[in-house]
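Join the two chains, each given in its own frame, into one complex according to the hints.
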Amino acid sequence: MSTAALTLTTQPMQRSVGHTLTIYLKEAKYEFFKYLRLRVYTLSVLSFPVMFYILFGLVLNAHESIGGMRVPTYLIATYGTFGVMGASLFGTAAGLASDRGLGWLEVKRASPMPPFAYFAAKVIVSMIFSTIIVLVLFALGIALGGVRMPFANFVLLLGTLVLGSLPFSAMGLALGYFTGPNSAPPTINLIYLPMSFCSGLWVPFMFLPKIVQKIALVLPSYHLSQLALGTVGAGMHEPATAHWEVMLAFTMICLGVARIGFQRDQEKMYG
Amino acid sequence: MSPIDAVKPPVLTAILERSSSTGPIPSKVPVATLERVSRSYGAVQALSGVNFQVRPGEVVALLGPNGAGKTTAVKLLLGLLQPNAGKVRVFGGDPTNPENRMRTGAMLQVGRVPETLRVHEHIDLFSSYYQMPMPAAEVLAAAGLEKLRDRKFGDLSGGQKQRVLFALALCGNPDLLFLDEPTVGLDVEARRMLWEEIRQLVRRGKTVLLTTHYLQEADALADRVAVINKGKIIAEGTPAEIKAQTAGKKIRCITRVSIASLRELPGVSEVKEDRDAIEIHAIEAEPILRELLAWDKTLSGLEVTSAGLEDAFLALTQESPTNTNA
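In order, the protein sequences belong to chains A and B. Under the working numbering, the letters of the first sequence match residues 4 to 274, in that order. Under the working numbering, the letters of the second sequence match residues 33 to 358, in that order.
Chain B on its own, in the form it takes in the complex (with noise of 0.2 Å):
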């Protein structure tokens, strides 16, 4: 045991030493809790009657489209809101305890950044604030920034801007981090090198709660998503469980088969008439092709895609036989 393990805390030691074990420890304790938790701003519900866990070890993401609560729910979190009713929890404590802190990163969407300092100095001062800074170089090499150390933050790119809030994060070696949006705003390849650095980060076994309004974010790094609209969670599972739900097929065909007995197949979750055509909604395509196809030789106009995350929102807050157990 080095000197630097053994001031380490206990904590901190158990989910270093959990990242070289395959596959996340089953707990049921939670690091972070909403407890019907409600909040507003004036006359508008942010939040309301939410319950939600993160669990040591997982990543979990709150995906829902602009204004669904996300951001509220992660500022509660942070101790920066106080709820209007419910109870926030983290590690067990209030949000506001300067011991939370410590032990949390923030990336936040910040409308300005002190421009004229340098990244490597924004980097100092945030570390200089924990206990057990991560050393900058590594938490230079964590977000990708070793070569714009000495940019001043204000010459930075919008994707490299991203990654220093990111680092920022980062700078107290923490064991539990928020990632508010972190990739809103960015293109194709500047978010896929934040997912990679985000991944890198979750081998280091941190505890992440991430909001994101796309699906295929939730997908690529969580182990579980929340989905949340209008203030309300109304899905939770595994991405691929969450995809099954919204992220269904599209079919779209002329056809003389009966909207009742299609509405009769398995895994269709609505059906409706769209001019002369007729629109299916299905978790998956292939099986529904099959019996339309055997049924009505005169089938015509067919068109089949994957539903958008809008229609997945839709679905999901339709009250249908798919969901009412979600």
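So here's chain A without its partners, still in its complex pose (with noise of 0.2 Å):
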């Protein structure tokens, strides 16, 4: 045997589910990481929210209450709505908008990476930053706001929050295919500012025009906003479920758009 035909010879790739996870762990820890040191991100993120719940949940309003429901409790559910979209969109879309036109993506995908850890990451690391804001709005909710409410209740919404991250992580992955590293920033803030406004985020829904109310219903902020707030017991009180199939459709047509981006990359477009 020459060692021509040795070379040839090609070992059948077998990675132990293991070692799989440990990639997706590893994945996980440096983008976390990543968007912990990077100050840009975590202040923008994590301060915009925590620093109007202060100012407007804490400071000004704090014994006023919309719709019979205490306003730093009405805003832990709507600022937490508003956290979540930021630290999602932000996350994957600038991230994958940069990896992707300055070259980075490409070593990745060079290598024998699985490339769903790549956009896992991002998701995970996107709950986990919406976990650390809701986190941080519940601490100061009950240190300084007087929000009471059964254990059971802060689990939920936290839960909902969370959960209520992944459409837009989908979005942002459809927004970081079709955007470049230096328009993905200013795109997100002109999706995600009318978004949050529109969706009942900054001023209480029900003060809201009445057309912005209609747009509301097709933004999957709003459903998650309502959603948030029915954990508490405000809202509009319409049915969770009707919330979440929005929101799963919404998903489902994001992800749809990030293949289509993603098999673009694959393909031709991009040298």
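Possibly wrong hints are sitting among the right ones.
Here are the simulated lysine-lysine pairs, DSS-like style, with alpha carbons at most 27 Å apart [what the hints assert, rightly or not]:
#: 1; chain 1: A; residue 1: Lys-32; chain 2: B; residue 2: Lys-179
#: 2; chain 1: B; residue 1: Lys-262; chain 2: B; residue 2: Lys-275
#: 3; chain 1: B; residue 1: Lys-193; chain 2: A; residue 2: Lys-29
#: 4; chain 1: B; residue 1: Lys-281; chain 2: B; residue 2: Lys-119
Rather than coming from a laboratory, the hints here were simulated on the basis of the structure.
So this is what it looks like as structure tokens:
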């Protein structure tokens, strides 16, 4: 047998489940470190919802109520939604657009990294940051806003918001495939800020003009905020399944768009 | 045989063993091939009908100016791009096979690497992708990064960043390495340092394809050079052969000897008038000079310079008697 013949034998790739799991965990771990140390990300994504909550929920309107619900409690749900959206959109879209546009994703694609690990890491890290934001809001609300509710409600609210980050991660992936490294952040802001407003995350939903309330019905942020408000007994009291269905449909559409972008990258458009 | 040897694929063992013997083992079966490959980006033809091979154990350089198609060739071989026409083979199979990616390493030109991760963290992550990664300490040593392991990528100098990308290409202890312009933008010292690291790797028996636009770099590292320009391979050979064809000498002088008789001289590829002087391109300057000085006692204004790479590409792309067989 010649060297050449030996060189041409290719070992079939059999990665054990443990090995695959290790890759996913490391990918997520370093994605988390990457963002945790990125001050632009942590400052904007973590501090905006927290600062808004302190200002509008604890300093200015602490003794007011919205639709019979105390403001500090109500705003945990809405600023929680706002925070989850920001963490997910910026975490996935901005990172993906930059990795794609500036060649880093190609280095990874040239390696045997399972492609799904890359996307999973972005989604998981968005969920982790979402959790952190919501827990900070809880802590502030309990300590300074006199927010009191059964433990189970806190758990339900946290779970709803973190699970509700998925449509925004999916949207971020789609945006990341169709924006560039420089255009991604302004594009996100252009979508995310009006979307937050129209969904009643800044001004309570019932105070919004009728036309805006109509627009809100197609926005995942509206449906997530209503689910979140529902867990604390506030909001429009619409059936939860309807909200989840809209968010699921939205997620599927975004994943479909992201898939088109993914395949376009795999095939030919980019050099 | 250690337990580690027992699980090594035969290929790796063969290549590792080879490194202890002297000289490359001649082999005709290539590890990577481009067969009549064409690829365009819209209206831009990046590669047209390229035939190119990488043979086991060799260091081959794709030498060409910017925009010649070097990076496209590398991306095709890495399966990051698909050809419009022709066949791309790596280890006899499709370059996108996960199995192939286990055995190849790639250093690409990257605009931005996650800057907040530390050097050892980048290496740890990339190593995790492979079945049999190179131990992290070895990767750090091979890329000269031992003292920088805890630095964040964003805090490194240009040369250090290139070394990290080089290290990432090594993480899988690959049989075949693609280095796309490994020293682009580096100063002389950093370039030499990276050359030394690449040489050490070659001594370990890796097969390497590198792209460069420095003839000097191809000369310093490669066993074989393929010159590429405007999407076509225009010359192929050992660095010495390429240098003879491309990096000849340029003789400039004022002389009464006729252009026609200068063209007759052996090794002259081109003669042209430049104002009152004459410019002669030749493989070697000395034989021409002997003749010239003997013929023309009034010869003046003599200058001999090395033809630059730009001249070389010009010479290679023009139809002239010395390179029709290239």
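*Does the alpha-carbon distance linking B:Lys-281 and B:Lys-119 stay inside the 27 Å limit?*
38 Å, violated
*Keeping to a limit of 27 Å between CA atoms, is the pair of B:Lys-262 and B:Lys-275 held or broken?*
20 Å, holds
*Agreement of B:Lys-193 and A:Lys-29 with the hint, judged by alpha carbon distance not exceeding 27 Å*: With Cα atoms ~22 Å apart, B:Lys-193 and A:Lys-29 stay inside 27 Å; holds.
*Sort out whether B:Lys-179 lies within 27 Å of A:Lys-32, counting only the CA atoms.*
OK: A:Lys-32 and B:Lys-179 at ~24 Å, within 27 Å.
Going through the hint list in order, the structure does not satisfy hint 4, though it satisfies all others.
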